[in-house]
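Student: Sequence:
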Amino acid sequence: QAKNLKMLAGMEVLSGDLSRPKSLHGVLTGCSVVYHAAAKLLGSNRASFQAVNVDGTIALLDEAIRAQVERFVHVSTVGVYGFDNAEDITEDSPWPRNSNLYSTTKQQAEKAVWKVACQIASKSDPFSRPRVALLYSAR
Numbered sequence: 018q019a020k021n022l023k024m025l026a027g028m029e030v031l032s033g034d035l036s037r038p039k040s041l042h043g044v045l046t047g048c049s050v051v052y053h054a055a056a057k058l059l060g061s062n063r064a065s066f067q068a069v070n071v072d073g074t075i076a077l078l079d080e081a082i083r084a085q086v087e088r089f090v091h092v093s094t095v096g097v098y099g100f101d102n103a104e105d106i107t108e109d110s111p112w113p114r115n116s117n118l119y120s121t122t123k124q125q126a127e128k129a130v131w132k133v134a135c136q137i138a139s140k141s142d143p144f145s146r147p148r149v150a151l152l153y154s155a156r
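The sequence shown begins at 18 in the working numbering and counts up one residue at a time.
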């Protein structure tokens, strides 16, 4: 579905496979901003969720640092808070332990982004970490 993004002004869509970190090498050279919204959502294979959502995010972070991108936007999810119909969730709400592979691996991925952000933090934090409930496109 990335072909629809190519129509946006100033947008360049680059290919890579988060489950194959070596495919990401060099893909961000010359990029100024990375919007990382890819994730494995469905399935029951724990290793696949780990490979894409955690290891793939870490590999993309490493590549962004190597390519010296100016901003890295990691799209996380409200799923980090679990799916128990909790109310009044804030950014300070605790992350519950649960067995949902999507939620637990997105928690791990977000922790990895926070760790890198803290290591290289300066006066201007080059990392954004929105937690969205739903991404939708008419196309």
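These are computed hints drawn from the structure, not numbers from a lab. A few of these clues could be false.
[Unchecked claim] Within a straight-line C-alpha distance of at most 25 Å, the following computed DMTMM-like cross-link-like pairs (lysine to aspartate or glutamate) qualify:
(1) K128 x E108
(2) K39 x D72
(3) K23 x D34
(4) K39 x E108
(5) K57 x D79
(6) K132 x D72
(7) K57 x D72
(8) K39 x E29
(9) K128 x E80
(10) K57 x E29
[Claimed, not checked] Computed spacing ranges between beta-carbons, pair by pair:
(11) K23 x P111: 22 to 28 Å
(12) D34 x T107: 34 to 40 Å
(13) V92 x C135: 17 to 23 Å
(14) L22 x R63: 38 to 44 Å
(15) H42 x D105: 15 to 21 Å
(16) D105 x K23: 15 to 21 Å
The C-beta atom is built at its ideal place from N, Cα and C for all residues, glycine as well.
Student: It remains to establish, for every hint, whether it holds in the given structure.
Tutor: Evaluation of the provided hints:
1. K128 x E108: Between K128 and E108 the Cα gap is close to 13 Å, so the pair holds against 25 Å.
2. K39 x D72: holds, 12 Å
3. K23 x D34: Holds - the C-alpha atoms of D34 and K23 are around 18 Å apart, at most 25 Å.
4. K39 x E108: Measuring from Cα to Cα gives roughly 33 Å; hence the hint is violated.
5. K57 x D79: holds, 20 Å
6. K132 x D72: OK: K132 and D72 at ~14 Å, within 25 Å.
7. K57 x D72: Holds - the C-alpha atoms of D72 and K57 are around 12 Å apart, at most 25 Å.
8. K39 x E29: holds, 20 Å
9. K128 x E80: holds, 17 Å
10. K57 x E29: holds, 22 Å
11. K23 x P111: 22 to 28 Å: violated, 40 Å
12. D34 x T107: 34 to 40 Å: Since D34 and T107 have Cβ atoms about 35 Å apart, the given range 34 to 40 Å holds.
13. V92 x C135: 17 to 23 Å: The hinted range 17 to 23 Å holds for V92 and C135, with Cβ atoms some 19 Å apart.
14. L22 x R63: 38 to 44 Å: violated, 30 Å
15. H42 x D105: 15 to 21 Å: The hinted range 15 to 21 Å is violated for H42 and D105, with Cβ atoms some 43 Å apart.
16. D105 x K23: 15 to 21 Å: Violated: the Cβ-Cβ distance is about 40 Å, outside 15 to 21 Å.
This entry does not satisfy hints 4, 11, 14, 15 and 16, going by the numbered hints stated previously.
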